[in-house]
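Novice: Chain by chain, the residues:
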Amino acid sequence: MLEKALVGNNKYWAWIFFLLGVISIGGLFYLYQYNYGLGATGMSRDVSWGIYIAQFTFMVGVAAGGVMLVLPYYIHDYKAFGKITILGEFMAIAAVAMCIMFITADLGQPMRIMNVILHPTPNSMLFWDMLVLNGYLFLNAICGWVILNAHNKGVPYPKWVKPFIYLSIPWAFSIHTVTAFLYCGLPGRHFWLTAILAPRFLASAFAAGPALLVLIAMLLKRVANFDAGEKAFQKLGTIITYAALANFFFLGLEFFVAYYSQLPGHMHTLDYLFWGHEEFDNLVLPMRFSLTIGLVATTMLLFPQIKKKEGMFALSCAMLFLSLWIDKGVGMVLGGFVPNPMGRITEYYPTVPEIGITLAVWAAGALILTILFKIAVTVAADDDH
Amino acid sequence: MDVKRRKFLKIAGLSAVAGLGVPSAFTNLLQGEALASSSGQGNPAEGHKPAGGHGGHGEESTGTQYGMVIDIKKFAEHQGLADRCINACHTEHNVPDFGNPKDEIKWIWTDDYAHGFTEHSQYKRNAGLNELPVLLTCNHCANPPCVRACPTQATFKNEVGVVVMDFHRCIGCRFCMAACPYGARSFNWRNPREKYANGNYKFYKNGVNPNYPTRMRGVVEKCNFCPERLAVGKLPACVEATGETKAMVFGNVNDPNSEIAKVLNSNFTIQRKPAAGTKPSVFYII
Numbered sequence: 001m002l003e004k005a006l007v008g009n010n011k012y013w014a015w016i017f018f019l020l021g022v023i024s025i026g027g028l029f030y031l032y033q034y035n036y037g038l039g040a041t042g043m044s045r046d047v048s049w050g051i052y053i054a055q056f057t058f059m060v061g062v063a064a065g066g067v068m069l070v071l072p073y074y075i076h077d078y079k080a081f082g083k084i085t086i087l088g089e090f091m092a093i094a095a096v097a098m099c100i101m102f103i104t105a106d107l108g109q110p111m112r113i114m115n116v117i118l119h120p121t122p123n124s125m126l127f128w129d130m131l132v133l134n135g136y137l138f139l140n141a142i143c144g145w146v147i148l149n150a151h152n153k154g155v156p157y158p159k160w161v162k163p164f165i166y167l168s169i170p171w172a173f174s175i176h177t178v179t180a181f182l183y184c185g186l187p188g189r190h191f192w193l194t195a196i197l198a199p200r201f202l203a204s205a206f207a208a209g210p211a212l213l214v215l216i217a218m219l220l221k222r223v224a225n226f227d228a229g230e231k232a233f234q235k236l237g238t239i240i241t242y243a244a245l246a247n248f249f250f251l252g253l254e255f256f257v258a259y260y261s262q263l264p265g266h267m268h269t270l271d272y273l274f275w276g277h278e279e280f281d282n283l284v285l286p287m288r289f290s291l292t293i294g295l296v297a298t299t300m301l302l303f304p305q306i307k308k309k310e311g312m313f314a315l316s317c318a319m320l321f322l323s324l325w326i327d328k329g330v331g332m333v334l335g336g337f338v339p340n341p342m343g344r345i346t347e348y349y350p351t352v353p354e355i356g357i358t359l360a361v362w363a364a365g366a367l368i369l370t371i372l373f374k375i376a377v378t379v380a381a382d383d384d385h
Numbered sequence: 386m387d388v389k390r391r392k393f394l395k396i397a398g399l400s401a402v403a404g405l406g407v408p409s410a411f412t413n414l415l416q417g418e419a420l421a422s423s424s425g426q427g428n429p430a431e432g433h434k435p436a437g438g439h440g441g442h443g444e445e446s447t448g449t450q451y452g453m454v455i456d457i458k459k460f461a462e463h464q465g466l467a468d469r470c471i472n473a474c475h476t477e478h479n480v481p482d483f484g485n486p487k488d489e490i491k492w493i494w495t496d497d498y499a500h501g502f503t504e505h506s507q508y509k510r511n512a513g514l515n516e517l518p519v520l521l522t523c524n525h526c527a528n529p530p531c532v533r534a535c536p537t538q539a540t541f542k543n544e545v546g547v548v549v550m551d552f553h554r555c556i557g558c559r560f561c562m563a564a565c566p567y568g569a570r571s572f573n574w575r576n577p578r579e580k581y582a583n584g585n586y587k588f589y590k591n592g593v594n595p596n597y598p599t600r601m602r603g604v605v606e607k608c609n610f611c612p613e614r615l616a617v618g619k620l621p622a623c624v625e626a627t628g629e630t631k632a633m634v635f636g637n638v639n640d641p642n643s644e645i646a647k648v649l650n651s652n653f654t655i656q657r658k659p660a661a662g663t664k665p666s667v668f669y670i671i
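Here the protein sequences line up with chains A and B, keeping their order. When the letters of the first sequence are read in order and numbered with the numbering used here, they come out as residues 1 to 385. When the letters of the second sequence are read in order and numbered with the numbering used here, they come out as residues 386 to 671.
Worth flagging that the hints you see were computed from the coordinates, not collected in a lab. Please read all numbers here as calculations on a predicted model, not as lab measurements. Be a bit skeptical, because a hint or two may be false.
[What the hints assert, rightly or not] Partial list, derived from the structure: chain A residues whose beta carbon lies under 10 Å from chain B:
#, residue
1, Arg45
2, Leu118
3, Leu126
4, Ile196
Ideal Cβ placement from N, Cα and C applies to all residues, glycine included.
Produce the complete structure using the sequences and hints provided.
Specialist: Structure follows, in structure tokens:
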């Protein structure tokens, strides 16, 4: 089926070469980082994880979001998701691939990455994260590819895939739960030390993942003549709305616990993120912006008459996605390091190479997504003829 | 019939064994190192077991657990003593000096009381206390979160209760840095072995101590209680630098006859962030 990705119009190839260009520039930046060390980034002794790990965390959520299509379609036999479910599975593949790239970019000694397998360490959550992420990649690759291949040949998909589909559903929850465990099991970081972190991660994932999918599916409708169907869009809108409501409800709980209990450790990071702590307030503007557009978008989505207008629906999905990206892909990880264990504050500024590498990973993800979606869309188009 | 019965008994027996075995295997998994270190004269090869364990208020291990008492009043009496300790350590272990806070590596350093003891009350506290330098370093916790977090066992508790690093195994993921509640870990953001064109090291201003290795970039490092000195019967470099002042006392906290046990028994000491349940092995006399 891969040959279907090799046929396309000029716009398709321009897009592919644009992505390859971004990847190449990022590759050069990575070469520099590889030779110089991670000092090429803005990370420091105090903020020891930066934009790579933050993006990794966010993309795990996007990957897990795919389950919001797989579950209704395969468990509840929700027929309207018939065309779009494959896109959810392929989006998960691209997102997990990005996660693996971000983790690799963040390692001080990437050549030793196999040490995680050579010296398996079950008490480390990173070991489990490696297992669940690779497992999820494998499951989605199997399910997505085999089902699409059967579709392509016009035959029903083989029965042996069923267990893999069912397994992929709890597995999607596991990837984001284990990713939350990376953070919420650390005794010294109060901002992360909350039992609601995993549910919060899942809620934001189930809003952000499908929101991105809605946007991409709308794009495919315009550029590739692929219509997922109005019913599928509206149902996704409902899923996004409830997930977003849960997300902001959980965030509200964090605020209550911190500010009603008045426990300094619980308040400090929230202070830093939303009001500024001492004279440091780098993230206040983005975080307030994130909260505002997130709440506005969720409110918009609550009104069916707004959701039914394609432009408004797209706008609210884009706002929500951006809101959750800032919240989780920036504030969540950086906030955990501020203040540092001595109560002192170091702020973090990503460097040019670091941003270049990050953009390249996004471009690589977009490239994988483009190729997979191109195949899926072509198979669907062949079907219609 | 008989065959079926035998099969059933076999399965029942196996499940019983599994039922008994799984929870204890799980407990072992979580307590691996706590048990290893409580076995006392464990052989050095056991060092690579994962650590972890029960909460902070549980039973004490009985094996060797090296620890340290730091008397901050004595440091106030002897001006410059803290700096001499830091220098002794950083020279001994070839700790590079990059000359900027972003790339900084430190094994032992000073801060004031308010920042060293963030979780102790600062309310109506003696104002003079913050004038004194407080030496901060790795606490060599009896229950170290960094060891629990490490995905490759590159950091582990050795047979004498010291949390050490295997620089050659570390992948540089920095999970241990996020896990440490004391900010005791540093990362080699760049190559510490970098040289000028004339062959001189850029970041080892006083040359390299041949008795301790230098590091490559991309690995984490921290205080290790000087195993290379302990092995030849010497005290850690910082403790030696305090000389006769008794500002630092080092020894096995689990040996009731050791000097440190006597100091702990006869003084009121505090630890950093006791609520984290890490059971720090560094104690302070304030």
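Novice: A separate judgement is required for each hint: does it hold in the structure or not?
Specialist: Hints versus structure:
no.	hint	result
1	Arg45	5 Å, holds
2	Leu118	8 Å, holds
3	Leu126	4 Å, holds
4	Ile196	19 Å, violated
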